[in-house]
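> Respectively, the protein sequence lines represent chains U and W. Start counting the first sequence at 1; every next residue gets the next number (my numbering). Start counting the second sequence at 1; every next residue gets the next number (my numbering).
These are calculated hints, taken from the structure and not from any lab test. Be a bit skeptical, because a hint or two may be false.
One copy or two, either will do: identical chains are not told apart, so a pair holds if it fits within one copy or between any two.
Said to hold, decoys possible - Pairs of lysine to any residue, SDA-like flavour, derived with a Cα cap of 25 Å:
(1) 184 to 367
(2) 68 to 560
(3) 379 to 546
(4) 61 to 390
(5) 135 to 500
(6) 274 to 602
(7) 192 to 283
Protein chains: 2
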Amino acid sequence: MRVFTQNDPFFEPALDETLFSLSNGYLGVRASRSESPEEIAIRGTYINGFYDRVPMIHAEKAFGFPDKTDKLVRIIDTQTIRVLLDGEAVELTPESVENYRHELRMEEGISLRAFDYMKGEKRAHIRYERMASLKEPGLFVYSLDVDYEGEIEAESLVQAEVYNFSDSDDPRVGQHEERLLMTKRLEVIQEKIFYEGYTASTKASLQACITHHSDAPLTFQVEEEVARARARGRGTLHLEKRLHLSDSYHYEDPAGELLRLQDVSSNSSYAELKAEQAQILQNFWQESAVTIEGDVEEQRALHYLQYQLFQNAPRGPWGNIAAKGLSGEGYEGHYFWDSEIYLLPVFEWLRPELATPMLAYRYQILEEARKRSLVMGQKRGACYAWRTISGIECSGYFPAGSAQYHLSADIAHAMMAHYEMHDDVDMLADFGAEVIFETARLWLEVGHFDEEGFHIFNVTGPDEYTAIVDDNYYTNLLARKNLRSARTVYDVLQRRNPQALQRVTEKIGLTEDELGEFQKAAAQMVLLYDDRLGIHAQDSSFLHKPAWDLEANRHLQPLLLNVHPLSIYRHQVLKQADTILAYTMEEAEEDIMRRGFDYYEARTTHDSSLSKCVYGIMASRLGDLDKAYEYFRDSLYMDLHNTHGNTKDGLHMANVAGSVLSILTGFAGLRSQGGRLALRPRRPKELQGYRFPFRYRGRRLQLEVGEGYRLELLSGSPIEVLIEGEEYLLTDVLEGGTL
Amino acid sequence: MRVFTQNDPFFEPALDETLFSLSNGYLGVRASRSESPEEIAIRGTYINGFYDRVPMIHAEKAFGFPDKTDKLVRIIDTQTIRVLLDGEAVELTPESVENYRHELRMEEGISLRAFDYMKGEKRAHIRYERMASLKEPGLFVYSLDVDYEGEIEAESLVQAEVYNFSDSDDPRVGQHEERLLMTKRLEVIQEKIFYEGYTASTKASLQACITHHSDAPLTFQVEEEVARARARGRGTLHLEKRLHLSDSYHYEDPAGELLRLQDVSSNSSYAELKAEQAQILQNFWQESAVTIEGDVEEQRALHYLQYQLFQNAPRGPWGNIAAKGLSGEGYEGHYFWDSEIYLLPVFEWLRPELATPMLAYRYQILEEARKRSLVMGQKRGACYAWRTISGIECSGYFPAGSAQYHLSADIAHAMMAHYEMHDDVDMLADFGAEVIFETARLWLEVGHFDEEGFHIFNVTGPDEYTAIVDDNYYTNLLARKNLRSARTVYDVLQRRNPQALQRVTEKIGLTEDELGEFQKAAAQMVLLYDDRLGIHAQDSSFLHKPAWDLEANRHLQPLLLNVHPLSIYRHQVLKQADTILAYTMEEAEEDIMRRGFDYYEARTTHDSSLSKCVYGIMASRLGDLDKAYEYFRDSLYMDLHNTHGNTKDGLHMANVAGSVLSILTGFAGLRSQGGRLALRPRRPKELQGYRFPFRYRGRRLQLEVGEGYRLELLSGSPIEVLIEGEEYLLTDVLEGGTL
């Protein structure tokens, strides 16, 4: 049984809320308790991509600084179902609670919170269940069962007055408390609570219907912005509460969608809904479970993270996966490069059908990226906003925001990878080609030729502890891929879907001349190499900077909260993997990678949660399995042990994915090299083994690694595979030892 | 008669307000009209350095970003003295006004605004005068005379409810409307209006007493935050209004100071005050007038600018000279490097006694600079705030703010120059040495040694169109001067005031070892030279950037308002002189300077008002008098012709000074080279000649340039002079031809 458990009733509430949050990619509900005092909790419910726009205030404004920002809206709070026993509210105290357990039941897709409650001589048993329907994304179900020899009352709330979370001292969450959702209607009609609200600035509509079912009689009451349903019984009480949601960003006819959803819901019992949910999860685990053998805790942690990935993935055009998924308000619900570089690879290997909506999201905002490119000073091309929901730039600090031009190449990379891994020409024809062409154009606009080659100046690479630099290795490498992909995609479509090619080239006015320029820039792309150190330079100035004493300055970490940016930028110190990340995407010579790894690792703070998993993956690649395993552990427990101290604001989704990748592209060394499958199976000595099924170009495969490796073709035609650089034809099973 | 005139009654009011603003270095009053509709004016009265602190809000905050900013407070508005004729208010219309003149009488130190006013068949004559007393800085006098055959009423207002000016779209003025001054008391006692207020946040006290004198009977009225004095007469009316001011920032006992001031004021008639004022100005023009012969307009403009410098200079420890002096609210009353690099040189040559208070101001805020240094990541030393009033950093955009470390070297440079030009060892002993030592320490903290020498990375030089660069030529040069000055000052004090040296070295713990490090860093300071172009590189990356097409992009100027910073930074384009400014302070080889001038000039937008005068001065130095004269003209008329379009927000004081410097250090080529006077007199063909008296090391000298030059020692002992690089001993007069 895959169950994640927390048995301490007094565990830090805001952290608990994040860890047990439920989602289905459309809606997300944090695990706020009905008994908790509100002040220590972040009682959030969200809809993916349901944002409002709020003013962005700059201390000193310059041209092109955004004056508005998207912000994920905290929507109406339906979480509270308070229990009263003999008229007194249940309040958790060390004396009153026994047998407390909080469980995320990952095979059923529900959470459970149950405990015994002592009231004088009497003992009550209280059991809450919750479910975010994976079948009907607008549906969230609460269920409550109470056993108590006495009078039981359940008071269920719908609170329409909600405020987003803010902390004026932490740049990683919103800095101003704001009410983003205004109530238009809150009323009870035939025992149903109907809510209609709208975002304060964008006037997007949110519609909800909350139903209650109980074995006891129900009464309803609406007072200003709070609706209450009460059920009173004796001995036992069962109350079921269903939240049905719909909104105008995602549905053309939100009222119609809400009606449809209510209709479906009203025809299904909770037991039926649970059965459907379990079916979906059974399929998920069967087709996609990554299993490690050795430490049971680690296996549970890994499955927990896999579950989070699965439940946070949008199953339709609802947006992308935010930095925190739908588990919290950190980074204001914005989508970053995390999606393309960390999250998508997991889906591509394990469940490519979940990748497509995320790729399609980037196409939805292509027009905004074109506009942004003009604002940033380019004459054409697409320049994606560093952080956004609706497509507009929402980064308030451009040196570590808009300056990260690499995002546009990251998006092109993700689309190209999807095409190569699944031979998905339709995706290219539908939108991928257009995005890849438009992002390729960006590099011609931003870069320039000189006698040394093609340079890209004044951008920020993945490492945010150096900003606005010249010829960042990662950026230049990814830009080169982007430029080359444009040529490849052009040729592929010319061969396989010339109509689509004609449509897109006509639409955007792409010429053969431009393709020639793409190729020229790619061929001459500057990738800086330092002869003295025998490594690639992260950028043109990095290796010339003075050292930063990591040990002596450990107390200043994370540096972003304790050191002025200028002082950080002035030193050889990294927030996160940069050149090393590039190596996981396109290899350099073995000894250069090895020296680079040692050099950059010694200068990396890992202040970014996106760092350790990458170093771990590269350590696997270089054969340092001890180190790889250590990074894997750190990555695995980052949220579960709250090692960054801010998991209350939401899960670090990139790292969540990175933990899974640590096995796929780390230990197993999976790669897709221009449409060819490659692997280098390795096993850290701390693990007895691991196994996972995966997909590649229409095949289903399974890899098991223990003392040796066993690669099995589960379905599909035979396929060439590179194992440790050697070519094999996989027709059924390939087996061998591991290095 | 030195008079600056504007005879159009419908001239743009906000511009008029700036151009005719009056000041005495302590208070400043814009020339707001009593008849103007308020909405098109900026009715400002200010006290130098009288600030409040307001929150600084960042879109995304990082460590060390200021959370508060100083803001010059608009104080109570005493400007309005409305005239009513036969009960009807005077309102200027094209039909009703004749013989309008607005004059700044620069020999009397007053402004005059007079006009005839037609009312039906009757004609009134109305005459306003104003004076900011140069003798009693807290005193401002208004006088009104009306002739009219009928009933005349004058209504004089004191408005206590005032708001600072704001424009949310222009980063160069405040972005939020705020009330910074709160009223504590406004009342009339024995025909005197007493006001007491305090700044909203810092609770600094402002005290005022407004008196009225008239040949007609006066009545008073206070209604909420407005006090009114009314005088009614027939035929003629005279009304005099005196504003007496005092504040708790500048006076320990502001109430006592106010009493003293009233006492002095009440014992002087307006005629007596005017006579004193005229005396001060007579002395000023006699001792300090820079005169050009040729174009009368130019001469008037030049005197106008000289007058502005004189009247804006603080005559005591009241602060510094803000970017706009006391003529407007642009840049929120902050002090910048403008003081040290543009304004002080004028005072040093012409009126060094006005330089000392400005230098002393920097010592007053040294402690804040020490604190700022720690925040910025240094372990010691003084790092002056880029823009400030009280000493705290008030820059909201650090790449073009805090990153301009050169300010600290600029301050050291100004102190060293003052010492060298006037042999002012007392200033060094009193405070100069401490500032020079502490700023020298900054460079050891910020820079680092490598095999190439001593580098200063990640700072911004004077040119704000390249930011966060390595080895900016200007910065490194000035830092080298700073480091060397520390050694010099140490030696000078050891010789001439060892007690003072001991006091300061003990206070700050300065060691011989540190001095050795200063010398080592200075000796190894990297000054980048590009062999290919034969010029100094502005910084390590500038010359590698792609070109910016100035001509094609002329419509985008000023770039800061129309192009994203990243796009600006990415190109070879300058906002203002940078390396060329360095050359005016320390010369390089002639041909390097010449090539550098051509190279950088062709890439400079002059979007900064601090740019053209510098290019002009260097053009003079290089013998291109046509160009020098053209720059001089542009500089001369920048505010008078409002060529930057924002003179309404105040005069561009650095450029005002730059215009005068264009003659002193430009045409005449005055330099102080390590305590030795040097000049290279030149004359643009457009001028018949120019002359000015000046001071140097206790001497008074006069230079006249016409067909030839004539340098006369007016007083003091003979002195060695370098003329065109040749040594002469000046005992009485030296004459020669000009090149």
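> Now, for every hint given, state plainly whether the structure supports it.
How the hints compare with the structure:
no. : hint       : result
1   : 184 to 367 : neither (32 Å within a copy, 56 Å between copies)
2   : 68 to 560  : both (24 Å within a copy, 20 Å between copies)
3   : 379 to 546 : between (37 Å within a copy, 15 Å between copies)
4   : 61 to 390  : both (22 Å within a copy, 23 Å between copies)
5   : 135 to 500 : neither (33 Å within a copy, 83 Å between copies)
6   : 274 to 602 : neither (50 Å within a copy, 73 Å between copies)
7   : 192 to 283 : neither (34 Å within a copy, 89 Å between copies)
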